[in-house]
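Asker: All chains, full assembly: derive it from the sequences and hints.
Chains as they are written, first to last, in the UniProt record's numbering: chain A, 1 to 462; chain B, 1 to 462.
If you're looking for bench data, these hints aren't it; they were derived computationally from the structure. Because the structure is a prediction, the values reported are computed rather than measured. Hints should not be assumed to be uniformly reliable.
Same chains, same names: a pair is fine if it fits in one copy or spans any two.
[Unchecked claim] Taking lysine to aspartate or glutamate and the DMTMM-like style, the derived pairs with C-alpha atoms no more than 20 Å apart in a straight line are: (1) Lys-177 with Glu-414; (2) Lys-362 with Glu-342; (3) Lys-445 with Asp-115; (4) Lys-362 with Glu-316.
Protein chains: 2
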Amino acid sequence: MENIKAYVQQHKDRFINELIELLKIPSVSADTAYSQDVIDTAEAVKESLTKAGCDYVETCDTPGYPIIYGEKIIDPNLPTVLVYGHYDVQPPDPLELWTSPPFEPVIKTTDIHPDGAIFARGACDDKGQMFMHVKALEYMVQNNELPCNVKFMIEGEEEVGSASLAWFVERNQEKLKNDVILISDTGMISNQQPSITTGLRGLSYVEVEVTGPNRDLHSGLYGGAVANPINILAKMIASLHDENNHITIPGFYDKVQELSAEERAEMAKAPFSLERYKNALNIADVYGEKGYVTNERNSIRPTLDVNGIWGGYTGEGAKTVIASKAFAKISMRLVPNQEWEEITELFTKHFTSIAPAGVTVKVTPHHGGQGYVTPIDSIGYQAANKAYTETFGVPAIPVRSGGSIPIVALFEKELKSKTILMGFGLDSDAIHSPNEHFGIFNYLKGIETIPLFYKYFVELSK
Amino acid sequence: MENIKAYVQQHKDRFINELIELLKIPSVSADTAYSQDVIDTAEAVKESLTKAGCDYVETCDTPGYPIIYGEKIIDPNLPTVLVYGHYDVQPPDPLELWTSPPFEPVIKTTDIHPDGAIFARGACDDKGQMFMHVKALEYMVQNNELPCNVKFMIEGEEEVGSASLAWFVERNQEKLKNDVILISDTGMISNQQPSITTGLRGLSYVEVEVTGPNRDLHSGLYGGAVANPINILAKMIASLHDENNHITIPGFYDKVQELSAEERAEMAKAPFSLERYKNALNIADVYGEKGYVTNERNSIRPTLDVNGIWGGYTGEGAKTVIASKAFAKISMRLVPNQEWEEITELFTKHFTSIAPAGVTVKVTPHHGGQGYVTPIDSIGYQAANKAYTETFGVPAIPVRSGGSIPIVALFEKELKSKTILMGFGLDSDAIHSPNEHFGIFNYLKGIETIPLFYKYFVELSK
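Answerer: As structure tokens, then:
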């Protein structure tokens, strides 16, 4: 595969422009105002797969947004790689913090990306990383170097829980049959040190509503005499962590997979500078569960975070009111062996139970997913490691990520195959934040590395 | 003054229509989007005073919204009554909870108001109650029954802290010279049982901002590893009350005027049904400071309430983000002898001190005011009581209100005169809430009662 480097160099401008076109479509799945854009993005992905060389591409209807399926079967007796990705993106707000409009991609250089990075919502998560696979297929087809069968399954609801994907996978196990699942929706340590994500956290996401009096009240006439839903919500949220920042929900930790001292020592070898971490976020200190270091708190430990809170008067000036209702969006990151539906139930039961008599509480589950850990002795992992080693010049380090790709556990359950998480993004890419970007270096390096995965996967499968 | 009843009956339709016209102008002082409307309302008030019979009316410029001053001096040797009111109103949101548009007044009957009530923002607080005084003046002038001098001072910033009023009063002590200040901006117990407010709570209103990481973060990659500003804000707010719902700010209670057992026993005589109170608000139980009953919690005790809170993702669906900032608007109701500037300082010092290392905190004082207690043996109180007794057939009961009219303490300090709070509103009028309304009975009864106050005040002053 000596040609791959040259091919990427020759076509990189087109590769970049094609991604930029895809990034211009605001496929925000969480907001129905964008629904037509989400559908338009699906169609754009479908076209790109046809152009890249799939011999069959299909828009699969679901209860939600469509799933784009594509395949190129060269020989039923050869292994099959199933590529998963998503074409939907996170909401762009707060818009005022973007230095350029989220859906008007521009290339800017940064300290970490001297060759430039594409700034746009979805540049890294996941349009950019998904599109690397489309371009890698193009290369392999154009140069007759596709060594096995390939299937693509690109969904549009990853940022809102992949409900339709679960529905689709359960109904299409034969069609999706494969030997390994390949996903680029995670990150790596740095552009000098590739890494492969071997663990993901699960997720339970709920919305809570605390209702006090049946109407907004004058805080002077009623203040101090009735339960204020905002004060109560704050009290309830605060009580979810104890003084050691352990989560207080009964049974929450019961199934948590504890790591051995050896495993934790192995993890500690990953390069990490607490100073650089704090400086990058401009915080005086880190904060988290007692007894664990930062790299453990955000990977092998379950957490509970409020993602949004609102209630009462939030406009200009002052309003002396006691709100009738207060709301919060709360998500829990889960680790292997924690069942997300069970955790959602435990949360609901506990949160409802701690409400004082003066208020009523409603908990609405949004979505969730299981945690996942992949073995590093699998053929898939070894093929990925050989590919990274060849293009980066150093072997990849296995790391546990704090993020969640809920459907990875689903794939193992329904499709009985392992997932390899070949991520090319960086923590600094600001995914889910204003000014999300994806390095040109990372984008092209991904396109260059992926075909090597196919090559080594087929070799090691023999 | 036998004519007053007849005069009110004869002109009530016009009285109602004139008030409705005033209520149509959205004079929301907290929101600059309405600034022209606030100014238009000032002009409308000015015209109404001229029409009612003031022989001098003036629009007084201030650093903020204008103050309308009007006077009718019939004899420098006679006593002078200074009427205070405000023409600005609270913001109308949440709009979706109004059964009719807040600035399109309509008359509807309710169980408490079988004769009908005017539904509109400001109907009771304070356009309706302020306008009663304008119409009472009209009656006294038309019928040559004005027994003394009268001055009007109607401001447009009461709902945002009366900053300009303080500025104005300090600079116009001679012009505002008076023997008693008359205000209708409070309530009474019921349409069968009038009451006079003898105590008001002070106010300290602040906005807090908690900043964590310098940008919104992916809650999967950072969750559990950095201080989440929303979780921290909730923790900090929760810590402001202890398990007995005492406020934990050091020094907060130091100057609180404690009532004697006798005084509390006297208060307990005011008719109050806890069941009706809970049913009216549709709450299972009340909530508040241990050791005090509802009527004490909302009147003689200081309180701390969050009036608004916001941060993170509050839109449709789910976003797994850790917000960079979280905000809250917090007000404290103060009782006599608590200095509001001092309380604001104590809050700021304490709130900043309890922030963990992972976040920074900013506290911005909005406004405040002193609490106030008026003696019931004053001529003004007795005149008011005689007036109520004559029009309602029963004497008024003195009550302490939980609300704040910050400028009452200012008047005593700057103008050296006592304020009489002749309120005609009811707790059920939903001031500061959706569907604010003011009973036709209450409006007309106020117009009928006010001239009697003038009569008895002059008689008792001889």
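Asker: Which of the numbered hints are not met once you compare them with the structure shown?
Answerer: Structure breaks no hint.
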